[in-house]
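Take a look at the letters that make up each chain.
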Amino acid sequence: EPEVTQTPSHQVTQMGQEVILRCVPISNHLYFYWYRQILGQKVEFLVSFYNNEISEKSEIFDDQFSVERPDGSNFTLKIRSTKLEDSAMYFCASSQAGVVAGELFFGEGSRLTVL
Amino acid sequence: GESVGLHLPTLSVQEGDNSIINCAYSNSASDYFIWYKQESGKGPQFIIDIRSNMDKRQGQRVTVLLNKTVKHLSLQIAATQPGDSAVYFCAERRDYKLSFGAGTTVTVRA
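Chains as they are written, first to last, in our numbering: chain R, 1 to 115; chain G, 1 to 110.
These aren't lab readings, by the way, just hints derived from the structure by calculation. Just so it is clear, the structure is predicted and the values come from calculations on it, not from any experiment. Certain hints may be false.
Claimed, not checked - Within a straight-line C-alpha distance of at most 30 Å, the following computed DSS-like cross-link-like pairs (lysine-lysine) qualify: (1) R:42 <-> R:78; (2) R:83 <-> G:68; (3) G:71 <-> R:78; (4) R:42 <-> G:71; (5) G:42 <-> R:83; (6) G:56 <-> R:42; (7) R:78 <-> R:57; (8) R:57 <-> G:71.
Stated by the list, open to error - Counterexamples of contact, computed for chain G against chain R with all Cβ distances above 10 Å: (9) 10; (10) 13; (11) 20; (12) 22; (13) 24; (14) 43; (15) 57; (16) 61; (17) 62; (18) 63; (19) 79; (20) 97; (21) 98; (22) 99.
Claimed, not checked - Derived Cβ-Cβ restraints for the label pairs, each shown as a range: (23) R:63 <-> G:14: 47 to 55 Å; (24) G:58 <-> R:38: 28 to 36 Å; (25) G:79 <-> R:16: 46 to 54 Å; (26) R:54 <-> G:41: 22 to 30 Å; (27) R:78 <-> G:60: 33 to 41 Å; (28) R:83 <-> G:45: 24 to 32 Å.
All residues carry an ideal CB built from backbone N, CA and C; glycine is no exception.
From just these sequences and the hints, can you work out the full model?
Pasting the structure below:
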């Protein structure tokens, strides 16, 4: 069964450092998303990406965040200068037809710990 | 602000019994709702969805009920099994993105 894969599974970084989280969405999907989940809290929307551009972003997704699809398979989330409050589990998701048509497939997440 | 939430943060259920997980939402403009299951250390996994023009939808061992009058969504799991132990989130679609509720942790007792 096709799945969304994410790397790394866990990254520890110092405050102020840049972090890149990587995702390989399901191959025939066209819509890509990043969500995050702070420990014990709900899953929060960060950004959606379609046709090589951001289609929507939340208030959390400020200038420190960026996304990129550098090639035909990878979808990355970059945090330019990490803060303590960026510590969370980051989930990548993809869908064939966007939230309009339904199901998002989530990866297993990348846990980011900022010290 | 918060628009999707669950009534109880935890639910303990005896194996074999039915589970009912509840969710209240406040945005009447939401037109699509989804239940996700999240097992420890994993990402959310789609369980079942329902559109706002429906009241009930059934899947394998799961049923979702939507009461638009009181803005209430529930997930019923029949004959709960140990593998059902997880955190369950409801999510609503609004403005072409999903907003998740806080989650209910379901623990199945043997």
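Right, here's what the structure says about each hint:
no. : hint                      : result
1   : R:42 <-> R:78             : holds, 21 Å
2   : R:83 <-> G:68             : violated, 40 Å
3   : G:71 <-> R:78             : violated, 37 Å
4   : R:42 <-> G:71             : holds, 20 Å
5   : G:42 <-> R:83             : holds, 24 Å
6   : G:56 <-> R:42             : holds, 25 Å
7   : R:78 <-> R:57             : holds, 14 Å
8   : R:57 <-> G:71             : holds, 26 Å
9   : 10                        : holds, 12 Å
10  : 13                        : holds, 21 Å
11  : 20                        : holds, 20 Å
12  : 22                        : holds, 15 Å
13  : 24                        : holds, 14 Å
14  : 43                        : violated, 3 Å
15  : 57                        : holds, 12 Å
16  : 61                        : holds, 18 Å
17  : 62                        : holds, 15 Å
18  : 63                        : holds, 18 Å
19  : 79                        : holds, 25 Å
20  : 97                        : violated, 5 Å
21  : 98                        : violated, 6 Å
22  : 99                        : violated, 7 Å
23  : R:63 <-> G:14: 47 to 55 Å : holds, 51 Å
24  : G:58 <-> R:38: 28 to 36 Å : holds, 34 Å
25  : G:79 <-> R:16: 46 to 54 Å : holds, 52 Å
26  : R:54 <-> G:41: 22 to 30 Å : holds, 29 Å
27  : R:78 <-> G:60: 33 to 41 Å : holds, 40 Å
28  : R:83 <-> G:45: 24 to 32 Å : holds, 30 Å
The structure is inconsistent with the numbered hints 2, 3, 14, 20, 21 and 22, although it conforms to all the rest.
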